[in-house]
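*Asks:* Line by line, the protein sequences are chains A and B.
Residues 7 to 370, numbered by the working numbering, are exactly what the first sequence covers, in order.
Residues 31 to 347, numbered by the working numbering, are exactly what the second sequence covers, in order.
Take these hints with a grain of salt, some might be off.
As the list claims (entries may be wrong) - Stretches of chain A that chain B covers, calculated by requiring three or more beta carbons in the stretch to come under 8 angstroms of a beta carbon on chain B:
id: 1; region: 215–223
id: 2; region: 355–366
Said to hold, decoys possible - Away from chain A, derived, C-beta distances all over 12 angstroms, residues of chain B:
id: 3; residue: Glu79
id: 4; residue: Asn95
id: 5; residue: Glu103
id: 6; residue: Pro140
id: 7; residue: Asp154
id: 8; residue: Asn162
id: 9; residue: Leu185
id: 10; residue: Lys209
id: 11; residue: Glu211
id: 12; residue: Tyr222
id: 13; residue: Gly257
id: 14; residue: Phe262
id: 15; residue: Met272
id: 16; residue: Asp284
id: 17; residue: Gln310
id: 18; residue: Arg313
As the list claims (entries may be wrong) - Calculated cross-link-like contacts (lysine to aspartate or glutamate; reagent style EDC-like; alpha-carbon spacing at most 16 angstroms):
id: 19; chain 1: A; residue 1: Lys203; chain 2: B; residue 2: Asp121
id: 20; chain 1: B; residue 1: Lys210; chain 2: B; residue 2: Asp244
id: 21; chain 1: B; residue 1: Lys182; chain 2: B; residue 2: Glu211
id: 22; chain 1: B; residue 1: Lys209; chain 2: B; residue 2: Glu62
id: 23; chain 1: B; residue 1: Lys155; chain 2: B; residue 2: Glu200
id: 24; chain 1: A; residue 1: Lys206; chain 2: B; residue 2: Asp121
id: 25; chain 1: B; residue 1: Lys46; chain 2: B; residue 2: Glu103
id: 26; chain 1: A; residue 1: Lys203; chain 2: B; residue 2: Glu116
id: 27; chain 1: B; residue 1: Lys336; chain 2: B; residue 2: Glu326
id: 28; chain 1: A; residue 1: Lys207; chain 2: B; residue 2: Asp121
id: 29; chain 1: B; residue 1: Lys182; chain 2: B; residue 2: Glu105
id: 30; chain 1: B; residue 1: Lys182; chain 2: B; residue 2: Asp89
id: 31; chain 1: A; residue 1: Lys207; chain 2: B; residue 2: Glu116
id: 32; chain 1: B; residue 1: Lys322; chain 2: B; residue 2: Glu224
id: 33; chain 1: B; residue 1: Lys100; chain 2: B; residue 2: Glu116
id: 34; chain 1: B; residue 1: Lys322; chain 2: B; residue 2: Asp248
id: 35; chain 1: B; residue 1: Lys122; chain 2: A; residue 2: Glu202
id: 36; chain 1: B; residue 1: Lys209; chain 2: B; residue 2: Asp244
id: 37; chain 1: B; residue 1: Lys157; chain 2: B; residue 2: Glu116
id: 38; chain 1: A; residue 1: Lys206; chain 2: B; residue 2: Glu261
id: 39; chain 1: A; residue 1: Lys219; chain 2: B; residue 2: Glu261
id: 40; chain 1: B; residue 1: Lys322; chain 2: B; residue 2: Glu258
Don't read these hints as lab results, they were simulated from the structure.
Quick caveat, the model's predicted, so the values are computed rather than measured.
Here a beta-carbon is modelled for each residue, glycine too, at the ideal position from N, C-alpha and C.
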Amino acid sequence: MRTLFQLMVVQFKEFVREPGILFWSLGFPAIMAWILGIAFTKQGEIVRNVALVRGERPAHEIRQMLEEASLVDSAGPHRVFRSAGEPASAASGSFRIAETTWEEAIVRVQRGQAILLMHERPDGVHVYFDPVNPEAELAYLHLAALLDTSARRTGTVIAEPLSERGMRYIDFLVPGLIAMGIMMSAMWGISYSLIEKRIKKLLRRMVATPMRKSVFLLSHFLSRTILSGIESVLLFVFAWWYFDVTIEGSLAALALLFVSGNMAFTGMAVLVSSRTRNAEVGNGLINAVVLPMMIGSGIFFSYHNFPEWLVPYIEPLPLTMLADSMRMVFIEGAGIAAVWMHALVLAAIGAVLFVLGQRMYRWY
Amino acid sequence: MNSPAISVQRVRKYFKDVKAVDGVDLTIRPGEYVALLGPNGAGKTTLVEMIEGIQRPDDGEILINGKSWKQAEQELRRILGISLQETYFIDKLTTQETLTLFASFYGLGPGRVVEILRLIGLEDKRKTYVVNLSGGQRQRLALGVALLNDPKILLLDEPTTGLDPTARREVWDILVHLKKERTQTMVLTTHYMEEASFLCDRIVIMDRGRVLADGTLDALLSVHRKGEIIEFSLEGKGSATMPPFLGPYPLVYDEHTERWRVEVEDTARDLPRLMDLLKQNGRILASFECRKTTLEDLFLSMTGRKLDQDTSATVTT
């Protein structure tokens, strides 16, 4: 009994006396909860983006339909319709409906900027969405429910599955996963291996030879780029074989993005690993960088579902830039002309972080 | 080429609460084999790491072949061979792969790797992962890495600490073999006096960041006026009943070992005096030993502590 007690006391002491561990295990989750909590609850409602395409001869005036369904138009460049009277509940939420052309609407859906596509047709309002994306389905159900009364009277709401290539969730997901793979490979592969070498005093042994430090870091960049290249190709081949995912755009543009993405995350990995001598702190630091981007950068679901004020903070994140431009190449058929700016910014981010990290690097 | 291999002048390095190296002067000539001998915490590692360019002194100057680290870092890296106090190489890399990696840093090819494997006696372990090597084999690998570039100056920080006698002997054999060829200068740190006296011509005794004594083994021991040690224990308890001196030599009682010791000039002459003294005091010998003074005794008489003790501990004398 005393042994058990003492063993437990020792473990608590170990935990409390290592400030790094304390922060990463208590402070960091609390901060994450706070940030995500604010992001998702402060506004109290979810705004869903809908692209609306008007028909040449609409049998049903959609605007009138929305008004009849007690959906009120709040004026603005994009119209936000919300339930009138009752306070907008989180359950039903509200819809931001933007009128566009058919082509533009398709792009919006592909980019995750719109989750539903409404098209006025003579026989009613056709609502297009990916049936295997639960969020899109939920949005459709809410919209249908709101339109229900008027729809039953004046016409029909017809659900249309979006299952063509480029419109499916899997088409959205695969480029994002490849981008995330690049980040993970660099952050865990490079950062962790560098921190481990420092802890084992191997780093100081290596720099006590004529080996150049820049060559040492360069070797990490190159080997990781090759490894994540293999990973990406394997992932793509699987997605192509099983889901029929294709690359519509130029391979050169994709290669450019791939290299610049690796540069960005190598720089970040070098900076993150530049000081710490403690495996737990290293772990925490890597997580602190990786997790927010994994959640925020729209890898698994579009960040356009986040509150609007958050989007400007998400867009400049390296993973967001990489995933978005990779999607443009995969789905929209973009070439180098469309993505070179993003590639340049990513490479620049990598260079700046790399130099910063190398300046403060603890070799000994 | 008359400049010393290593010149350390008024070097000082303080950490938060310790004066690790507190004003050390040391000149090592080319071809010398020098041991830095001292207990843990004496400042040996800090001094060696400053010579290796891994730590920077707060004050003072270190020149290697007449050049400072600031002037000629790349050049010095090429002529130095280093073995750190503890280095863990990459676990899942074989002995040969580890050597090949480090050889590439010096622009050396597979031929040199084979030579080193032979030199350190790990030819049959060349395909073994580092993680599966024994402590002694790992130390020999570290030594092999240090020797890759055929260094002009070899700096070994506690090359045999923690090894069993057989493994230590294997490391010594390699170093003795090198010593015969006499092509390099070597500095090693140790807290084993046998190691210092067996491998090195010159011994520098350090304690609390300072050099206490410096010279050949014989010179150090002859400075020590008296030449032999008598140690004995007595039947029954109680030390108070013995007088404090045997002739001119103080009698010292160690409470831990419950043994008396006295340092005399000549055992043959002084032993009868001891027997008389015992008889006068009515004491009977339980055990008895006499031997030559060693570095250990020298250190004990200079600091009041033993070599294998931490700097903070003191022996009751």
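*Asks:* Determine for every hint whether it applies to the structure shown.
*Replies:* Do the hints match the structure? See the list:
no.	hint	verdict
1	215–223	holds (count 3)
2	355–366	violated (count 0)
3	Glu79	violated, 8 angstroms
4	Asn95	holds, 15 angstroms
5	Glu103	violated, 9 angstroms
6	Pro140	holds, 18 angstroms
7	Asp154	holds, 25 angstroms
8	Asn162	holds, 16 angstroms
9	Leu185	violated, 9 angstroms
10	Lys209	holds, 23 angstroms
11	Glu211	holds, 22 angstroms
12	Tyr222	holds, 22 angstroms
13	Gly257	holds, 43 angstroms
14	Phe262	holds, 44 angstroms
15	Met272	holds, 45 angstroms
16	Asp284	holds, 35 angstroms
17	Gln310	holds, 55 angstroms
18	Arg313	holds, 47 angstroms
19	A:Lys203 x B:Asp121	holds, 11 angstroms
20	B:Lys210 x B:Asp244	violated, 23 angstroms
21	B:Lys182 x B:Glu211	holds, 12 angstroms
22	B:Lys209 x B:Glu62	holds, 9 angstroms
23	B:Lys155 x B:Glu200	holds, 15 angstroms
24	A:Lys206 x B:Asp121	holds, 10 angstroms
25	B:Lys46 x B:Glu103	violated, 27 angstroms
26	A:Lys203 x B:Glu116	holds, 13 angstroms
27	B:Lys336 x B:Glu326	holds, 7 angstroms
28	A:Lys207 x B:Asp121	holds, 13 angstroms
29	B:Lys182 x B:Glu105	holds, 12 angstroms
30	B:Lys182 x B:Asp89	violated, 26 angstroms
31	A:Lys207 x B:Glu116	holds, 7 angstroms
32	B:Lys322 x B:Glu224	holds, 14 angstroms
33	B:Lys100 x B:Glu116	violated, 26 angstroms
34	B:Lys322 x B:Asp248	holds, 12 angstroms
35	B:Lys122 x A:Glu202	holds, 14 angstroms
36	B:Lys209 x B:Asp244	violated, 20 angstroms
37	B:Lys157 x B:Glu116	violated, 22 angstroms
38	A:Lys206 x B:Glu261	violated, 44 angstroms
39	A:Lys219 x B:Glu261	violated, 56 angstroms
40	B:Lys322 x B:Glu258	holds, 4 angstroms
Consistency with the previously given hints fails for numbers 2, 3, 5, 9, 20, 25, 30, 33, 36, 37, 38 and 39, ordered from lowest to highest.
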